[in-house]
Amino acid sequence: MSILTTGLAGDVPPAHSVRVETPSNYLNAKFTIGSWLATHDHKRIAILFAVSITAFFFIGGAAATMIRLDLATPAGDFVKAETYNKLFTMHGVIMVWFFLIPSIPATLGNFLVPLMIGARDLAFPRLNLTSWYLYVGGSIFTIVAMIAGGVDTGWTFYAPFSTMFSNTHVIYVLAGVFVVGFSSILTGLNIIVTVHTMRAPGMTWFRLPLFVWAQYATAAILVLATPVLAMTLVLVTVERLFGIGIFNPALGGDPLLFQHLFWFYSHPAVYIMVLPAMGVVSELIAASAHNPVFGYKTMAFAIIAIAVLGFLVWGHHMFVSGQSMYAGVVFSFMSFLVAIPSAVKVFNWTATLWHGRITYTAPMLYALGFVGLFTIGGMTGLFLASLALDVHLTDTYFVVAHFHYIMVGGTVSAYLGGIHFWWPKITGRMYSDRWARFAAILLFVGFNFTFFPQYLLGIAGMPRRYHAYPPEFQTLNVLSSAGALILALGYLLPLLYLGWSLFRGARAPANPWDATGLEWQTPSPPPVHNFATPPVVTEPPYAYRMAALTRDVVDAREGTR
Amino acid sequence: MTHSRVRNYVMTWIALLVLLAITCGTSFIPLGRYNLAINMAIAIAKALLVIVVFMRLFKSAPMVLVVAVIAALDLAILVCLALPDFVVRGW
Amino acid sequence: MTSANATIGAVHEATLRVAAQFEEAPQQVHAAKLGMWIFLATEVMFFGALFFAYAIARVQFPEAFAAASKHTNILLGTTNTAVLLTSSLFMVLAMRAAELGVRRATAILLVITALLGLAFTGIKLTEYVLDYRDHLVPVLDFSFDPRYAKGALVFFGFYFVTTGLHLVHLSIGNGLVLTFARRAWLGKPNTLADQVEIVGLYWHFVDIVWIFLYPCLYLVSRT
Numbered sequence: 001m002s003i004l005t006t007g008l009a010g011d012v013p014p015a016h017s018v019r020v021e022t023p024s025n026y027l028n029a030k031f032t033i034g035s036w037l038a039t040h041d042h043k044r045i046a047i048l049f050a051v052s053i054t055a056f057f058f059i060g061g062a063a064a065t066m067i068r069l070d071l072a073t074p075a076g077d078f079v080k081a082e083t084y085n086k087l088f089t090m091h092g093v094i095m096v097w098f099f100l101i102p103s104i105p106a107t108l109g110n111f112l113v114p115l116m117i118g119a120r121d122l123a124f125p126r127l128n129l130t131s132w133y134l135y136v137g138g139s140i141f142t143i144v145a146m147i148a149g150g151v152d153t154g155w156t157f158y159a160p161f162s163t164m165f166s167n168t169h170v171i172y173v174l175a176g177v178f179v180v181g182f183s184s185i186l187t188g189l190n191i192i193v194t195v196h197t198m199r200a201p202g203m204t205w206f207r208l209p210l211f212v213w214a215q216y217a218t219a220a221i222l223v224l225a226t227p228v229l230a231m232t233l234v235l236v237t238v239e240r241l242f243g244i245g246i247f248n249p250a251l252g253g254d255p256l257l258f259q260h261l262f263w264f265y266s267h268p269a270v271y272i273m274v275l276p277a278m279g280v281v282s283e284l285i286a287a288s289a290h291n292p293v294f295g296y297k298t299m300a301f302a303i304i305a306i307a308v309l310g311f312l313v314w315g316h317h318m319f320v321s322g323q324s325m326y327a328g329v330v331f332s333f334m335s336f337l338v339a340i341p342s343a344v345k346v347f348n349w350t351a352t353l354w355h356g357r358i359t360y361t362a363p364m365l366y367a368l369g370f371v372g373l374f375t376i377g378g379m380t381g382l383f384l385a386s387l388a389l390d391v392h393l394t395d396t397y398f399v400v401a402h403f404h405y406i407m408v409g410g411t412v413s414a415y416l417g418g419i420h421f422w423w424p425k426i427t428g429r430m431y432s433d434r435w436a437r438f439a440a441i442l443l444f445v446g447f448n449f450t451f452f453p454q455y456l457l458g459i460a461g462m463p464r465r466y467h468a469y470p471p472e473f474q475t476l477n478v479l480s481s482a483g484a485l486i487l488a489l490g491y492l493l494p495l496l497y498l499g500w501s502l503f504r505g506a507r508a509p510a511n512p513w514d515a516t517g518l519e520w521q522t523p524s525p526p527p528v529h530n531f532a533t534p535p536v537v538t539e540p541p542y543a544y545r546m547a548a549l550t551r552d553v554v555d556a557r558e559g560t561r
Numbered sequence: 001m002t003h004s005r006v007r008n009y010v011m012t013w014i015a016l017l018v019l020l021a022i023t024c025g026t027s028f029i030p031l032g033r034y035n036l037a038i039n040m041a042i043a044i045a046k047a048l049l050v051i052v053v054f055m056r057l058f059k060s061a062p063m064v065l066v067v068a069v070i071a072a073l074d075l076a077i078l079v080c081l082a083l084p085d086f087v088v089r090g091w
Numbered sequence: 001m002t003s004a005n006a007t008i009g010a011v012h013e014a015t016l017r018v019a020a021q022f023e024e025a026p027q028q029v030h031a032a033k034l035g036m037w038i039f040l041a042t043e044v045m046f047f048g049a050l051f052f053a054y055a056i057a058r059v060q061f062p063e064a065f066a067a068a069s070k071h072t073n074i075l076l077g078t079t080n081t082a083v084l085l086t087s088s089l090f091m092v093l094a095m096r097a098a099e100l101g102v103r104r105a106t107a108i109l110l111v112i113t114a115l116l117g118l119a120f121t122g123i124k125l126t127e128y129v130l131d132y133r134d135h136l137v138p139v140l141d142f143s144f145d146p147r148y149a150k151g152a153l154v155f156f157g158f159y160f161v162t163t164g165l166h167l168v169h170l171s172i173g174n175g176l177v178l179t180f181a182r183r184a185w186l187g188k189p190n191t192l193a194d195q196v197e198i199v200g201l202y203w204h205f206v207d208i209v210w211i212f213l214y215p216c217l218y219l220v221s222r223t
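Protein chains in written order, with my numbering: chain A, 1 to 561; chain B, 1 to 91; chain C, 1 to 223.
The set of hints was computed from the structure by calculation and includes no laboratory data.
One or more hints might be untrue.
Claimed, not checked - Reference excerpt, derived from the structure (chain C facing chain B, CB under 7 Å, subset only):
#1 F46
#2 T78
#3 L118
#4 A119
#5 S171
#6 I208
#7 I211
#8 T223
Claimed, not checked - Which stretches of chain C does chain A cover? Using the computed rule of at least three CB atoms under 8 Å from a CB of chain A, they are:
#9 34-40
#10 122-134
C-beta atoms are modelled at their ideal positions from N, C-alpha and C, and glycine is treated no differently.
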């Protein structure tokens, strides 16, 4: 099966015209439910995670739909104020902890890291499965909380409202987040140990794909930051249940202690959300432009720099909280610094396109969308990092637009791009690139319609977390809500054509994109233990210019039939 | 050699108990702020003894030392960047 | 071949069963140890955040914390600290025995470690009962000198949260130690020395948490 004949653009050839017996792979090895629920295979666990987080994505999306429906009119007449508070809380909690944080690490990371480094599995397969069960367990708490009426504290659980005054089931959600936090810690631990100890012979650190660098840095953040969140949730629970004055000033506590502890985790958390996306984008752009990533080592060091600096900036969430002015200055300065490696990456992605043989597949569209939207989101982060500006912009829709540009325009775009790019490898099927590109463009348009007006609303002064607003803001809000409908359609489309491809898609070859990387040297879908023979690495990463020379070697390495 | 490793462990244990006696004993002497300083210094010393001797930090793979140092640094970041705010803030 | 300096790989490599994802035994051992140290790093951040919160609360209530700390039982607390330090000694002796392949001795030393851990638990629970009797348990009939009641409530809140979390971790450690004691006694896995070392790392960490808890809770002010 020649690499050249499939999948770059155009229609999918009919499945029945090629009758080959499917070789044994991780999907058809066993079909029982037990073989899935008790699996140790990182590829199956990745799929378990993918199904779970997709379900939560749509639940969080449903909350967002209700929010945008309410905000279509200035009067808060779609839902009550209390209900609105519960909607944005559940939207935030679900999207942050039950979708974004596990999204790329636990799905694409789980699936691809062992393949990319030439290993048979992660270091601790049973821990990996435990991680998924913890996710499921944590999610049950959260679902119970939603059914019991939801929580109205905001995803940030600020004390003393969360510890003393909220009448909703705060502790259920805290328990859910606590458990899911440990799920993510175990994933991080697994990835760090795997990358350190299980790289194939010849796979030195500077031959690793940037995706692996990104997962590694993310794993380090997961392991170092999440425990602080866990303790914060414990302390909130203790104060709420037993009236111990840790954060509540009436009892002698300090509300800024909560904020320092919470944001010490939650700022690195946003890098947990964006670094894996950056890793994906590097892979997508290199493959779609058939060019090595420009400045590979710089990109790797930039990933590490972002991870490290990300621990030093949390106070920029607290500029107006009453923290000392000196803290504000320090955190503002550090926040400007962390923009530098991010900007370097944007320049390098752009430079990767130079003299490339660019193909505008759906993954490429998502990757290019990421670069543009992340740039906008990142630059508006600089606005917010400026102390004087932040005084006016904080708690307005400017902030909401900023983080949605990064998390949705950035991370979700990259996640979808990655799903599309590696779909042939994961499922062994090709999808309709025509529909995929349509969805990608629809999402890009819908996204900007939804969130760009929110920058303008923020500058005009509309506060966030309000269920009603002055009538002069209505036009922009209606624009935003209309965009949200387009977004919703765009997110539903992949379910359809990707789902369709599972049954009717053409069988995928080992390397439909003609990409470099060890994951493409094994059949699609991979065999249970990933490689028929353990690979030995001799090439630098992204050896695209050498591709023609080594194609024969690649063909010879495609697994046994 | 076995004898000396076990001897090391026992000597460390004795040192730990001596430090415990000192930290407990000095608490009954009114030294103002120095009580806290002594207690913290002794606690750190005991922890270091356990880490270096019992947990064999310096005899482990280099990556282990990196992990230990990074964990300490991360905690230091939390304390060094957050604590000044509480001190300087004034409320 | 079992000289006193025998390392794990030299003694056991030929007979180690390696898990499917690993190529060879030393790789698996290294991965397991690195994994435990990384887990301990997460625990450092977990307890570290707790100690930080305690520090802020103590700065907020210096006299109340001093007054409240005087009501902790220094005899039992100091004894417990000695008990836990001694258990760490037996843990490391057990590890040494496992390295030398002396299985029965390993099992006995592990059992002693666990017994000391259980002794700690017993003493701690006794303290809890005494604290309850002295009205020092928040929510459960707490009462304190009105001048310091607000801060004392915070102190004892931290006292029960920190020692409670510590006790949970210790109990998990106890379970692990007894599990490996049984395995050692039955002469089971060839990777015993490494597994005992890894459990030991966890055990020593729990000891270190207590090393810091002891002065924070019992020695705030004894004059």
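Okay, the hints, checked on the actual structure:
1. F46: violated (10 Å)
2. T78: Where the cut-off is 7 Å and the nearest Cβ of chain B is about 5 Å from C:T78, the hint holds.
3. L118: violated (19 Å)
4. A119: Given a least distance of 16 Å, the restraint on C:A119 is violated.
5. S171: The hint is violated - C:S171 has no Cβ within 7 Å of chain B, the shortest such distance being about 20 Å.
6. I208: Check passed: Cβ of C:I208 comes within 5 Å of chain B, closer than 7 Å.
7. I211: Holds, because the Cβ-Cβ distance from C:I211 to chain B comes to roughly 5 Å (cut-off 7 Å).
8. T223: Because about 4 Å separates C:T223 from the closest Cβ in chain B, which is inside the 7 Å limit, the hint holds.
9. 34-40: Satisfied; 4 residues make the cut.
10. 122-134: That given contact is violated, which follows from only 0 residues of the region 122-134 of chain C lying within Cβ reach (below 8 Å) of chain A.
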